[in-house]
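Those protein sequence lines, which keep their order, are chains G, C and H. At position 68 of the first sequence the residue is numbered 67 (numbering that gives the first Met the number 0), and the sequence of numbers has no breaks. At position 441 of the second sequence the residue is numbered 440 (numbering that gives the first Met the number 0), and the sequence of numbers has no breaks. At position 167 of the third sequence the residue is numbered 166 (numbering that gives the first Met the number 0), and the sequence of numbers has no breaks.
Derived by calculation from the structure, the hints in this document are not laboratory data. Among the clues, some could well be false.
Computed footprint of chain G on chain H, listed as stretches where at least three residues anywhere in the stretch have a Cβ under 8 angstroms from a Cβ of chain G [stated by the list, open to error]:
no., segment
1, 26–32
2, 170–176
3, 263–274
4, 297–309
5, 312–323
We put the beta carbon where it would ideally sit given N, CA and C, even for glycine.
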Amino acid sequence: MLNKFLRYACWFISPVLFGSAPLWASVPGESAYIFNSLLFLIGGFLVMWMAAGFCMLEVGLVRTKNAADICLKNILLYSVACCMYFLIGYNLMYDGVDAGFIGSFSIWGADDINVLAEGAVIEGGYAASSDFFFQMVFVATTASIVSGTVAERIKLVPFLIFTVVLSGFIYPIQGGWKWGSGWLDTMGFADFAGSTLVHSVGGWAALTGAIILGPRYGRYTADGAIRFMPGSNLPLATLGTFILWFGWFGFNGASQLALGSAADAVAISNVFVNTNMAAAAGAISAAMVTKFRFGKVDLTMTLNGALAGLVSITAGPDTPSIAAAIGIGAVGAALAVLAVPLLDRLKIDDVVGAISVHLVAGIWGTLAVPLTNGDASLGVQIVGILAIGGFVTIASTLVWLMLKVTVGIRLSEEDERKGSDLAELGLEAYPEFGSGGSILP
Amino acid sequence: MLNKFLRYACWFISPVLFGSAPLWASVPGESAYIFNSLLFLIGGFLVMWMAAGFCMLEVGLVRTKNAADICLKNILLYSVACCMYFLIGYNLMYDGVDAGFIGSFSIWGADDINVLAEGAVIEGGYAASSDFFFQMVFVATTASIVSGTVAERIKLVPFLIFTVVLSGFIYPIQGGWKWGSGWLDTMGFADFAGSTLVHSVGGWAALTGAIILGPRYGRYTADGAIRFMPGSNLPLATLGTFILWFGWFGFNGASQLALGSAADAVAISNVFVNTNMAAAAGAISAAMVTKFRFGKVDLTMTLNGALAGLVSITAGPDTPSIAAAIGIGAVGAALAVLAVPLLDRLKIDDVVGAISVHLVAGIWGTLAVPLTNGDASLGVQIVGILAIGGFVTIASTLVWLMLKVTVGIRLSEEDERKGSDLAELGLEAYPEFGSGGSILP
Amino acid sequence: MLNKFLRYACWFISPVLFGSAPLWASVPGESAYIFNSLLFLIGGFLVMWMAAGFCMLEVGLVRTKNAADICLKNILLYSVACCMYFLIGYNLMYDGVDAGFIGSFSIWGADDINVLAEGAVIEGGYAASSDFFFQMVFVATTASIVSGTVAERIKLVPFLIFTVVLSGFIYPIQGGWKWGSGWLDTMGFADFAGSTLVHSVGGWAALTGAIILGPRYGRYTADGAIRFMPGSNLPLATLGTFILWFGWFGFNGASQLALGSAADAVAISNVFVNTNMAAAAGAISAAMVTKFRFGKVDLTMTLNGALAGLVSITAGPDTPSIAAAIGIGAVGAALAVLAVPLLDRLKIDDVVGAISVHLVAGIWGTLAVPLTNGDASLGVQIVGILAIGGFVTIASTLVWLMLKVTVGIRLSEEDERKGSDLAELGLEAYPEFGSGGSILP
């Protein structure tokens, strides 16, 4: 009792003596170091797990003849992204950006963060390699977004080469503009966990890829009709959505970047709640929009609605009230659902709807930050969206085009009909499940 | 060495000076605050993940023609439950129950917990929103239990309306009786993580739904035979069980509600061990019962046995020895397995066995608490089971009946034969996997 | 500001006064206790989740007619392993090994760790039951490795009896040699998280089982050809690989066994990074080896390559630089891929490739430790590999042979053709998915 009284008393008194944080009833420096590192590790393994979520979502939404190929792409793109980010990307993004446009270029440079991690104990307040791990899995997320859009027709090798460039150069350069303390950060651009820096970037890269690749054969018929090509395994697509939702707690929560104080714990808890509510509101919103617009509730759209809600809240999950988070998620999901027929009218063939989810909702989420965050300005948010959008679009277009004229990016029509599993891997994803064909046209 | 000696010395001496907990070698107040909040967040994301577990379990146990529909129901019920609990439920359960029967009614009231979270740093010892997050995902668990039982024949919209009432009103009101410090808590009712408050509640709601809906067409033939309708994707059902087992560490472990002291760490660790052993014993027990009773080891029953073991230990995972936890899980699983033919004899059609798992084992687990917990009394446990069972049964019956006479709750016979996927969503879950039909009668 | 200065000042000064760790700016004893326990709990639930990974990997790689059976085996083996380890194994491994060969034998002995956990607060620096939980899920991993290799032809009951002996006796006895401070530990054998103690052990047990069981009917034809029997659900095999990768952060990270200091946080973070990079390099390496050796990138081999990378780094994830971790993982994956045709030439039928992944890469990883860890010696590593390999091979062979001559271990040819699902369980895993048969020969 006395003990409890003393502890509370110290809590009140010590800020008077020492400034904002009391020294001895507060978190000791080494404990804060552990908390901060632990946050990166927990957040990191949750975000790593999102790679499985993208894989399941995509494998559920492609046709069986491309299912093994999309699995292979997903595990390899994650692997390639991690290696490239280590080799080149990390230093480009974080080493000496200094309010500028690009960090340092050095191969293997990031290895120091491991070797020297112990020496950095005091300076950073967290294990350097825990931060590196967390940043690394973010890159993989960006790369994962692309694979779904360009599925069912892109060749494996050029896809992986694109991933090399995206994760080694494109993502880290623009990432440094904000998170590496580059020029956008100096301007005050707000993007808490990456509605723009991660999701829109993946979306722009996917969009350019989809346009340059062209639609799947038979998707848009000569008479202007759109042929629906249903996903082959909706339970796996649902599982993928749940995995992504689950992993997003790490994605947004650990983007607080610190757990060493009570204020951090509060902020992260608020982020968890708002992340969850935006996703829930997104799912409900998408279900209602499809019900009233198309007559039936659509499962795939509902899944994408939850994801669009998550993307929308990602730019600023720390400042909204719960009610505001619900609104942000609901609007983002509605926009994403409505963008799907729009893309189809433009004959942009997005197999899993990733452009609608990650680009459209990503832009919306970034624009919505000033609604609840007084430190953000709409003008700067627009500058950030345009600058990053412009850079990624131009860079991605160049890479896709170079790949197109050199190694070629698209399967032959025959291979596309046969399916990329047989054409590229020489096997089937489900060799014993008779292909009964869809009952839908 | 000296340092180590000093630290241990302080450990021993300081309780003498300060009372039970030493002030400066112990956990500082702010560190405890972070630990407590972190426990809620980790526990919360694990319980959120259980929503995916229920979804996979159920989609694996329904027939393919209802697989997409059950996925849609699962993601929407989670979303609806979160929103309703925020809007109304949280305050009903926690705000001013005061040894009584119901908390305060106020729409959006729970938003304060987010906005004001920072101000509550000292009082509560944890971030208010971390606790809210943890409580919110519990509601979703309750709602998830219902969907499996009433699958394959209930319409989407009335199911969601039932979820609205369950998560906004029925669950929170009875939840407040114990966890909101209501009358049952005053009496000394013991339910650590919700064998009764969560699992039985879902079970009673499912039972009333199954009775009012009636069995699936063809399930019980005129001559008294029972037609077995095998699950379509047992690997996914197995995955779902593993997800639930995994998530249950958060469900039971974080129900300790604090990680700010060594005693909490010990308690949570014991809870983890007992939770795991009860599940293991449940799986083995169910496998043996099916082997000796039906001649073959049954996979679905074994999965349900693991879950029944988990439900059984949930009321009191903190007090049993490991051997006792094994016993509690094994008995619970045996009871759940034996309840399945009993329900069939009563022509209560439970598609996934959720009534046996969550209601039967939930009651057993609640009754078993006094065996290892001296603070619990069998009489009070029975009062709690009856009071909550009575309330939920009556309230659920009213809601189901009102839905039946207004919007209707059941698919037409034609739609049921066609499957809810085509009837309600206009699509198929596995459009390319030829429906070869079961070889079983 | 002053506060920050004081905190840093104390950090620098206090080591001078107290030795290596400053007393009051450092982690208080009770906080360290919580951190240490929390590490075991988080690591433990991640490793438990690996059981689901093995299950999904294996169910994806067997044919549909054996899919339900492998699910049943996986959930039961986990359950049996936990119970046996509690009943007998834990004490054999940890109680009084004292530089010797075996701990104490006592049934139920481990229950003390629960009952007495509270009393052990000061001594151990962590909750005894948190450590027990972590050690228990490791045993289950060992048992999981065996089931994949011997799938599609072994009977359920003898498989489970083998699991009883493996998890109750074989694993704990050899585990005590190193982790129970037995003779190998005294010699200086280095195996951070169990490339040898866990993975090779599972591999040796699987190898002896595969030899004694013999290959599946039709696998090796009379004219020396090898009939490829493709996995039935590659998306689930991919999911299983992702689950294992995810869980491995707990497997390797929590094997640091402490999180109570900044140095621990750094070490664990380094382990996370190296674990991830070895897996990524393994996947890429296997993809490239299959591309250049067999002409096409193989999905199953790529999945196994990631796993082989993980197994390879497990013996020493704490000391390599990131670049070295990449090398260790890449070599391990290449060796595992190249071992597959070798085993086939010896007519050793390994359904999922577990011997290549866990035994071959496990040996490589153990041998690679001295490359980056100055405290390890190649000679001692070889002694450890041979001693454990010899012991497990002899013990497993005896058990398999005893089972063969008593209850019999192999399905009849008719049952094997029909599939273990129908033969042993009387059901089908996917009753509605027409078995169209593979298009591959």
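Comparing the hints with the structure gives:
no.	hint	result
1	26–32	holds (count 3)
2	170–176	violated (count 0)
3	263–274	holds (count 9)
4	297–309	holds (count 5)
5	312–323	holds (count 3)
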